[in-house]
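If you read the sequences in order, they're chains A and B. Taking this note's numbering as reference, the numbering of the first sequence is continuous, increasing by one, and the terminal residue is 308. Taking this note's numbering as reference, the numbering of the second sequence is continuous, increasing by one, and the terminal residue is 490.
Among the hints, erroneous ones may be present.
[Claimed, not checked] Simulated crosslink set (DSS-like; lysine-lysine; CA at most 30 Å straight-line): (1) K19(A) x K273(B); (2) K213(A) x K83(A); (3) K27(A) x K237(B); (4) K375(B) x K27(A); (5) K270(B) x K295(A); (6) K21(B) x K28(A); (7) K324(B) x K220(A); (8) K186(A) x K32(B); (9) K270(B) x K27(A); (10) K28(A) x K268(B); (11) K28(A) x K273(B); (12) K242(A) x K237(B); (13) K137(A) x K273(B); (14) K100(A) x K295(A); (15) K42(B) x K26(A); (16) K237(B) x K265(A); (17) K85(B) x K159(A); (18) K268(B) x K265(A); (19) K21(B) x K295(A); (20) K162(B) x K21(B); (21) K375(B) x K270(B); (22) K268(B) x K26(A); (23) K324(B) x K268(A); (24) K162(B) x K26(A); (25) K324(B) x K265(A); (26) K32(B) x K137(A); (27) K220(B) x K340(B); (28) K139(B) x K295(A); (29) K32(B) x K27(A); (30) K262(B) x K28(A); (31) K340(B) x K19(A); (32) K21(B) x K150(B); (33) K162(B) x K213(A); (34) K375(B) x K28(A); (35) K159(A) x K242(A); (36) K27(A) x K21(B).
[Said to hold, decoys possible] Residues from chain B that face chain A, not an exhaustive set, calculated with beta carbons under 7 Å: (37) L83; (38) K85; (39) L174.
FYI, nobody ran anything at the bench for these hints, they're computed from the structure. Since the structure is predicted, the reported quantities are computational estimates derived from the model, not experimental observations. By construction, the Cβ of each residue, glycine as well, lies at the ideal position given by its N, Cα and C atoms.
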Amino acid sequence: MENTINDKVISKNDTLAEKELKLRSKKKSELASTIIINVLIAIFALIWIIPIVWLLVTAFSKYRGIDTAHFFPAQGWTLDNFKIVLFEPDSVVQYMAWFKNTLVIAIFSCIISTVFVLMVSYVFSCMRFRGRQAMMKFSIILNMFPGVLSMIAVYFVMKQLGLTNSHVGMVIVYSAGSGLGYLICKGFMDTIPTSIREAARLDGASEAEIFFKIILPLSKPIIVYTVISAFLAPWADFVFAKLMLNSGISSDWTVAIGLYNMLGKDLKSHYFSIFCAGGLLISIPISALFVLMQKYYVEGVTGGASKG
Amino acid sequence: MASKHEVHASNTREAFANFFKGIGEYFSDFGKAITKGDIGVKLSTIFMGAGYFARKKYIVGILATLFEALFVVMCIFYAAPNLAKFGTLGTTVRSTQFDPVTMQNTVIKGDNSFLILLNSVIALFLIFVFILLWIHNIKRAYELQQDSEKGMHINTFVEDVKSLVNGRFNITLLTLPTIGVILMNVIPILILIAIAFTNYDQQHMPPSALFTWVGITNFKNILSLSNNSAFGYAFFKVLGWTLVWAFFSTFTCFLGGIVMAKLITYRKVKFPKFWRTLFVVTIAVPQFVTLLLVRYFFGDTGIVNSICSSIGVTDFLKTIGLVKSHLTYIPFLTSPGWSKFMIVMINIWVGVPYQMLVATGVLINIPESQVESAKLDGANAWQIFWHVTMPYVMFVEGPTLITDFVRNINNFNVIYLLTQDTFVTTNQQLANANAKEVDLLVTWLFRLTNDYYNYKMASVIGIIVFIICAVFSLIAFSKFLSGGREESYQ
């Protein structure tokens, strides 16, 4: 009898001790896994950030070419690269002119693209008319045809119109077909309750009034998203700019082509650090806009969902 | 499964039936308008304004007739001279002739095949649009006739104009975007298709030489598997790599994005916002900056190579045979095998942060109840990931996965910026077709046009790429967007 009780007590004590041990080892393993996972993510971050750091430090390097032996500039640090980029244009570096060109092209194509996208989105989202389905399907098929493929023909059409090597031509190339990219914006407008529009119609508002006074003010996040993404496109585009602005007059170029040209066979040993400085300068506003765009995109998508 | 297929088939059949039914109705309406219309409607087949005059809509009638007159003028002075030469694409080459009277060379202005082609395509397009408007006009005239017979109110001109901001606001809004799309997308695609059936290349460059129709010769040339066709050989090689690349780049970035998102949102990770910002910064820098930079980072004499050789990695790779023994560097972006590997790796670097952003958004919205019930059933973290998380992510991201795949088929930037100028092919057959091992169809196309003026082949490649992309997209749409799928997670 006693024995069994004792046994029980012992076994009880045993399990308690065991539990504590288990808990401790669990804590230990938890700590270990926390460390492992944080180290892992730090390693990933390091891999991802190394080229950006290289861009940053090379932009301040005294040595103009590509330093093949040292990661950090071995010949010392300087601000000269930025000075050349910003204030001392030569036959190769026309950074401020490029910046101005790209800015003008971006502003105009952004305005036209945004207006087109909003118009098309409104029509397909809020209006019902014959041929709507057919037009939407046709536009989806047309949009599958990548712009890069038809660029020769685009080039010839523009050449026929006398618009190659002109910034007007670039604006047209970037914005004329933008009406096809309406899907995201239409998706947002689809979430605006139809009851709002119907109420306005009962009050005697015309379609135009509904568009300007009701739908547009409600679409702010997606408008901001559309504006920023349309504004960013010319800064990032490389193909069309290279094809269209082929006169060889460097002051006509956009930033992308100008920077690319700096890394040509004969130039890169003299201009690599300047390329980095220029690339860094352009990256700062673009990154800021990009982050802003992401924010509005998320706001547009999630905000729209909660509204509907 | 069988029933599902049947549903698909019946959907497609229905869509086709609807399509043809629509076309049938379109023409039967037109026939009805002509046969049952009064004299005004019948006359409007010749004078477009007649139907409006009959209903006392004089301003619209005048405008319609003016439009028609304008079209006739266009036909006489623009369409006719170009279309007359459309069959041959021009016969007289530009030449100079000595004129004994003036003792000077006079230039005989010859034909320009390309201008004939371009103008003919535009003219044909305009004629097509005119016919549509002409049919629409007759139908409209008949509608007006019916309205007036029923004694309904017929809009005055002012009311017509006003309706452009109300009932017909869609016309007002769509006009400019449509013209833009026609100019930038439709006309170029039509021209591209036409060029694919000509011999437009460097030997046939207008205005000094003419080009003409050659039928499907170019297609035969590129699709032939025989060894004497450089283009056939290059095409299948490039196509193969394009598909392999599209597959790997899409799936590595997709999986990488999910893993990264999972990792960052894991509860034990400190400062998740800081890490996320770090990753986002790398995609915010324009690709032409980062990719060009990375290209020199991994150059033959680049910094990675210096480091690798100083710590002995280069020698190690030589001994295991991954680097040829006569090289003193690792050919990251200069040998076919290494470049393909590196391009996919660098693309992971470019693409994963973006996919991470997308995946984070998707993962947040996973239905909590499913995870909870899986836990109650005793599933471990791994099982939950594979049986709850992944199906959900695939459900949400499935369609984008296909669009990403199509986008990667056409991923010009990564390939061009990483390999242009630095990668030189040693494969003579590829070089004959101006292709490289690392080329995608689009970069090959770009080089053919931009550097070698081989427009005929570039156009053929363009059409083939379009067909490939369209097939994948259609599969995606029928698989992911067909009926009955939406409710799965509602």
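How the hints compare with the structure:
no.: 1; hint: K19(A) x K273(B); result: violated (36 Å)
no.: 2; hint: K213(A) x K83(A); result: violated (48 Å)
no.: 3; hint: K27(A) x K237(B); result: violated (56 Å)
no.: 4; hint: K375(B) x K27(A); result: holds (21 Å)
no.: 5; hint: K270(B) x K295(A); result: holds (22 Å)
no.: 6; hint: K21(B) x K28(A); result: violated (72 Å)
no.: 7; hint: K324(B) x K220(A); result: violated (58 Å)
no.: 8; hint: K186(A) x K32(B); result: violated (37 Å)
no.: 9; hint: K270(B) x K27(A); result: holds (17 Å)
no.: 10; hint: K28(A) x K268(B); result: holds (14 Å)
no.: 11; hint: K28(A) x K273(B); result: holds (26 Å)
no.: 12; hint: K242(A) x K237(B); result: holds (27 Å)
no.: 13; hint: K137(A) x K273(B); result: violated (41 Å)
no.: 14; hint: K100(A) x K295(A); result: holds (27 Å)
no.: 15; hint: K42(B) x K26(A); result: violated (91 Å)
no.: 16; hint: K237(B) x K265(A); result: holds (29 Å)
no.: 17; hint: K85(B) x K159(A); result: holds (21 Å)
no.: 18; hint: K268(B) x K265(A); result: violated (49 Å)
no.: 19; hint: K21(B) x K295(A); result: violated (46 Å)
no.: 20; hint: K162(B) x K21(B); result: violated (34 Å)
no.: 21; hint: K375(B) x K270(B); result: holds (25 Å)
no.: 22; hint: K268(B) x K26(A); result: holds (14 Å)
no.: 23; hint: K324(B) x K268(A); result: holds (28 Å)
no.: 24; hint: K162(B) x K26(A); result: violated (76 Å)
no.: 25; hint: K324(B) x K265(A); result: holds (26 Å)
no.: 26; hint: K32(B) x K137(A); result: holds (28 Å)
no.: 27; hint: K220(B) x K340(B); result: holds (29 Å)
no.: 28; hint: K139(B) x K295(A); result: violated (49 Å)
no.: 29; hint: K32(B) x K27(A); result: violated (84 Å)
no.: 30; hint: K262(B) x K28(A); result: holds (23 Å)
no.: 31; hint: K340(B) x K19(A); result: violated (54 Å)
no.: 32; hint: K21(B) x K150(B); result: holds (28 Å)
no.: 33; hint: K162(B) x K213(A); result: holds (18 Å)
no.: 34; hint: K375(B) x K28(A); result: holds (24 Å)
no.: 35; hint: K159(A) x K242(A); result: holds (14 Å)
no.: 36; hint: K27(A) x K21(B); result: violated (71 Å)
no.: 37; hint: L83; result: violated (17 Å)
no.: 38; hint: K85; result: violated (17 Å)
no.: 39; hint: L174; result: holds (6 Å)
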